[in-house]
Amino acid sequence: MSANSSSQQPKRPLTLLQKSLNQRVAVRLKSEIEYKGVMSNVDSYMNLILINAEEYLGSDLLANYGKVVIRGNNVLFIRLIKDF
Amino acid sequence: MSANSSSQQPKRPLTLLQKSLNQRVAVRLKSEIEYKGVMSNVDSYMNLILINAEEYLGSDLLANYGKVVIRGNNVLFIRLIKDF
Amino acid sequence: MSANSSSQQPKRPLTLLQKSLNQRVAVRLKSEIEYKGVMSNVDSYMNLILINAEEYLGSDLLANYGKVVIRGNNVLFIRLIKDF
Amino acid sequence: MSANSSSQQPKRPLTLLQKSLNQRVAVRLKSEIEYKGVMSNVDSYMNLILINAEEYLGSDLLANYGKVVIRGNNVLFIRLIKDF
Amino acid sequence: MSANSSSQQPKRPLTLLQKSLNQRVAVRLKSEIEYKGVMSNVDSYMNLILINAEEYLGSDLLANYGKVVIRGNNVLFIRLIKDF
Amino acid sequence: MSANSSSQQPKRPLTLLQKSLNQRVAVRLKSEIEYKGVMSNVDSYMNLILINAEEYLGSDLLANYGKVVIRGNNVLFIRLIKDF
Amino acid sequence: MSANSSSQQPKRPLTLLQKSLNQRVAVRLKSEIEYKGVMSNVDSYMNLILINAEEYLGSDLLANYGKVVIRGNNVLFIRLIKDF
Numbered sequence: 001m002s003a004n005s006s007s008q009q010p011k012r013p014l015t016l017l018q019k020s021l022n023q024r025v026a027v028r029l030k031s032e033i034e035y036k037g038v039m040s041n042v043d044s045y046m047n048l049i050l051i052n053a054e055e056y057l058g059s060d061l062l063a064n065y066g067k068v069v070i071r072g073n074n075v076l077f078i079r080l081i082k083d084f
Numbered sequence: 001m002s003a004n005s006s007s008q009q010p011k012r013p014l015t016l017l018q019k020s021l022n023q024r025v026a027v028r029l030k031s032e033i034e035y036k037g038v039m040s041n042v043d044s045y046m047n048l049i050l051i052n053a054e055e056y057l058g059s060d061l062l063a064n065y066g067k068v069v070i071r072g073n074n075v076l077f078i079r080l081i082k083d084f
Numbered sequence: 001m002s003a004n005s006s007s008q009q010p011k012r013p014l015t016l017l018q019k020s021l022n023q024r025v026a027v028r029l030k031s032e033i034e035y036k037g038v039m040s041n042v043d044s045y046m047n048l049i050l051i052n053a054e055e056y057l058g059s060d061l062l063a064n065y066g067k068v069v070i071r072g073n074n075v076l077f078i079r080l081i082k083d084f
Numbered sequence: 001m002s003a004n005s006s007s008q009q010p011k012r013p014l015t016l017l018q019k020s021l022n023q024r025v026a027v028r029l030k031s032e033i034e035y036k037g038v039m040s041n042v043d044s045y046m047n048l049i050l051i052n053a054e055e056y057l058g059s060d061l062l063a064n065y066g067k068v069v070i071r072g073n074n075v076l077f078i079r080l081i082k083d084f
Numbered sequence: 001m002s003a004n005s006s007s008q009q010p011k012r013p014l015t016l017l018q019k020s021l022n023q024r025v026a027v028r029l030k031s032e033i034e035y036k037g038v039m040s041n042v043d044s045y046m047n048l049i050l051i052n053a054e055e056y057l058g059s060d061l062l063a064n065y066g067k068v069v070i071r072g073n074n075v076l077f078i079r080l081i082k083d084f
Numbered sequence: 001m002s003a004n005s006s007s008q009q010p011k012r013p014l015t016l017l018q019k020s021l022n023q024r025v026a027v028r029l030k031s032e033i034e035y036k037g038v039m040s041n042v043d044s045y046m047n048l049i050l051i052n053a054e055e056y057l058g059s060d061l062l063a064n065y066g067k068v069v070i071r072g073n074n075v076l077f078i079r080l081i082k083d084f
Numbered sequence: 001m002s003a004n005s006s007s008q009q010p011k012r013p014l015t016l017l018q019k020s021l022n023q024r025v026a027v028r029l030k031s032e033i034e035y036k037g038v039m040s041n042v043d044s045y046m047n048l049i050l051i052n053a054e055e056y057l058g059s060d061l062l063a064n065y066g067k068v069v070i071r072g073n074n075v076l077f078i079r080l081i082k083d084f
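Protein chains in written order, with the numbering used here: chain A, 1 to 84; chain B, 1 to 84; chain C, 1 to 84; chain D, 1 to 84; chain E, 1 to 84; chain F, 1 to 84; chain G, 1 to 84.
The set of hints was computed from the structure by calculation and includes no laboratory data. There may be inaccurate statements among the hints.
Said to hold, decoys possible - 27 angstroms max Cα-Cα, derived DSS-like pairs, lysine-lysine:
(1) A/K36 - A/K11
(2) A/K11 - C/K67
(3) G/K19 - A/K36
(4) F/K67 - E/K11
(5) A/K36 - A/K19
(6) F/K30 - D/K30
(7) A/K11 - G/K36
(8) A/K36 - B/K11
(9) A/K30 - G/K36
(10) C/K11 - B/K36
(11) G/K11 - A/K11
(12) G/K30 - G/K11
(13) F/K11 - G/K11
(14) A/K30 - C/K11
(15) D/K11 - C/K19
(16) E/K36 - D/K36
(17) G/K30 - A/K30
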């Protein structure tokens with residue numbers, strides 16, 4: 001399974017995530033909680049490192065965390081905030 | 001496992017998704033939430049990239065997102081809006 | 001793993017599904033929702049393509065869809081409507 | 001992994017199911033719903049084909065189905081009605 | 001992965017189950033329901049055959065079954081009644 | 001994947017469990033129920049054998065069991081009582 | 001799959017965890033319960049050993065434990081307290 005990364009070709013989902021390192025993302029979990037921060041790294045299971053993570057429920061900021069490793073199987077979606 | 005793509009042969013589910021890139025789709029998740037947007041790419045796990053994603057609960061538009069990567073294991077079904 | 005398809009031999013579950021392409025089926029999901037339509041294709045994970053899909057909760061028709069790809073892990077059972 | 005099928009040896013669970021084809025069974029799902037019918041075939045994942053399936057909740061008959069393919073991961077247990 | 005079965009060595013969990021065939025066991029499922037009976041066989045996934053199975057919720061006997069095949073992924077624990 | 005077991009090196013989680021056989025442990029399950037007893041053996045899936053198992057909900061002793069095999073996928077954590 | 005650990009390269013999530021042994025962490029589980037303690041070791045499944053573990057629900061300290069092995073599949077995220 002190879003992922004073509006020329007500009008004409010759309011990127012595979014995991015390739016897009018790899019190309020978005022050090023961007024700001026919002027990670028929605030199955031529990032509805034959302035974490036916003038800078039995605040320092042991510043692997044193929046969607047385990048990811050978030051820096052300066054903020055924890056939100058809807059628009060309520062619940063907590064500020066430094067560096068968290070989120071286990072991929074809890075992820076609902078990852079939104080690329082800076083990329084759009 | 002090969003997927004014959006001649007016009008007489010029905011397409012395998014994952015092959016159909018690959019042939020529907022850059023079409024408008026609605027992605028229903030197990031949580032009943034639905035995301036509509038352009039499916040920029042998808043892999044065999046049904047991880048997918050959605051562009052200009054709109055988040056719906058029933059007919060209520062909840063939010064607009066730019067580019068999201070949805071983790072495949074949350075997907076209930078993918079509806080091809082343009083294909084029909 | 002081979003599946004004998006002579007008339008005397010019972011078919012394996014996945015073989016029966018493959019032999020039922022383009023038949024009308026009802027797909028019951030774990031969430032109790034049921035989708036009726038023509039099963040255009042199905043793979044070994046029970047991912048399947050449904051054409052002219054109708055969404056039911058009990059006997060209430062909730063919605064009509066064109067072409068949907070249902071992710072196999074949500075499937076409770078697939079009923080062969082035409083085959084009986 | 002081989003399963004000895006001489007009369008002295010107890011049968012492995014999946015071997016017992018294979019030897020019980022065309023018998024009447026009751027399939028209890030995790031959702032408490034039970035399906036009774038003739039088990040036409042079954043595979044190692046416990047995907048199974050049920051013929052003349054009756055759907056029960058406790059002792060209430062909910063529906064009659066022709067031929068259904070039940071996805072194995074939903075199965076709680078399979079009771080061999082004729083075998084006892 | 002080999003399991004030493006000399007008397008000094010503790011048995012691996014799956015080895016202990018294999019050595020307990022034809023003993024009376026109680027199988028607690030995740031749903032709190034418990035099945036008591038003679039464990040005729042079991043495989044490495046904890047799929048098991050129970051003979052003369054009795055279904056209990058707490059101390060209430062709900063039903064008597066002949067021979068059931070329980071799918072291993074539902075098992076919480078297996079208690080060895082005769083072994084103690 | 002090798003696990004260094006010299007005294008300076010921290011032990012891998014599964015290696016620590018293997019080195020704790022015949023110690024008293026408390027096994028918390030996802031359902032909040034806790035089992036205390038002597039861990040006679042454990043495998044890499046965290047399937048484990050508990051001897052003289054006591055079943056607790058919070059501080060309430062619910063039942064005494066002889067020898068139980070707990071299926072690993074239900075385990076939340078294993079606490080080493082004697083090790084501390 | 002190799003993980004580059006030079007100072008310019010961001011670390012993979014599992015590599016970051018390995019480099020954080022003997023640091024203080026907070027482990028949030030899917031059940032909302034949080035365990036704080038020193039992460040003595042962790043494996044690729046996120047099974048981890050926590051020393052001097054404190055159990056919290058929100059800001060309430062529920063219990064103190066000595067040494068616990070947490071099964072990785074229950075982990076929501078691991079927060080590096082000292083690293084920030």
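Given hint A/K11 paired with A/K36 - CA-CA distance at most 27 angstroms: holds, 23 angstroms
Straight-line alpha-carbon gap F/K67 to E/K11, limit 27 angstroms = holds, 12 angstroms
* Asked: Does A/K11 lie within 27 angstroms of G/K11 when you go C-alpha to C-alpha?
  -> holds, 22 angstroms
Against the 27 angstroms threshold, does the CA-CA distance of D/K11 and C/K19 hold or violate the hint? violated, 31 angstroms
Point to revise | Pairwise hint evaluation, D/K30 against F/K30, where the allowed Cα distance is 27 angstroms at most | key: Distance of about 17 angstroms is within 27 angstroms: holds.
- [ ] Given the hint that F/K11 pairs with G/K11, test it: the Cα-Cα distance must not exceed 27 angstroms.
- [x] With Cα atoms ~22 angstroms apart, F/K11 and G/K11 stay inside 27 angstroms; holds.
| request: Would you check the hint for G/K30 and G/K11, treating anything up to 27 angstroms between C-alpha atoms as holding? | output: holds, 25 angstroms
(Q) Holds or violated: A/K11 and C/K67, Cα atoms, limit 27 angstroms. (A) holds, 25 angstroms
- Are A/K11 and G/K36 close enough, with their CA atoms no more than 27 angstroms apart? Outside the cut-off at roughly 39 angstroms; violated.
- Task: Assess, step by step, whether the Cα of A/K36 is no farther than 27 angstroms from the Cα of A/K19, and give holds or violated.
- Result: holds, 18 angstroms
27 angstroms Cα cutoff - pair A/K30, C/K11: Roughly 38 angstroms separates the two Cα atoms, so the pair is violated.
#### Entry: Given pair status - D/K36, E/K36, alpha carbons within 27 angstroms
Given that 27 angstroms is the threshold and the Cα spacing comes to 22 angstroms, the pair holds.
Of the numbered hints listed earlier, those contradicted by the structure are 7, 8, 10, 14 and 15.
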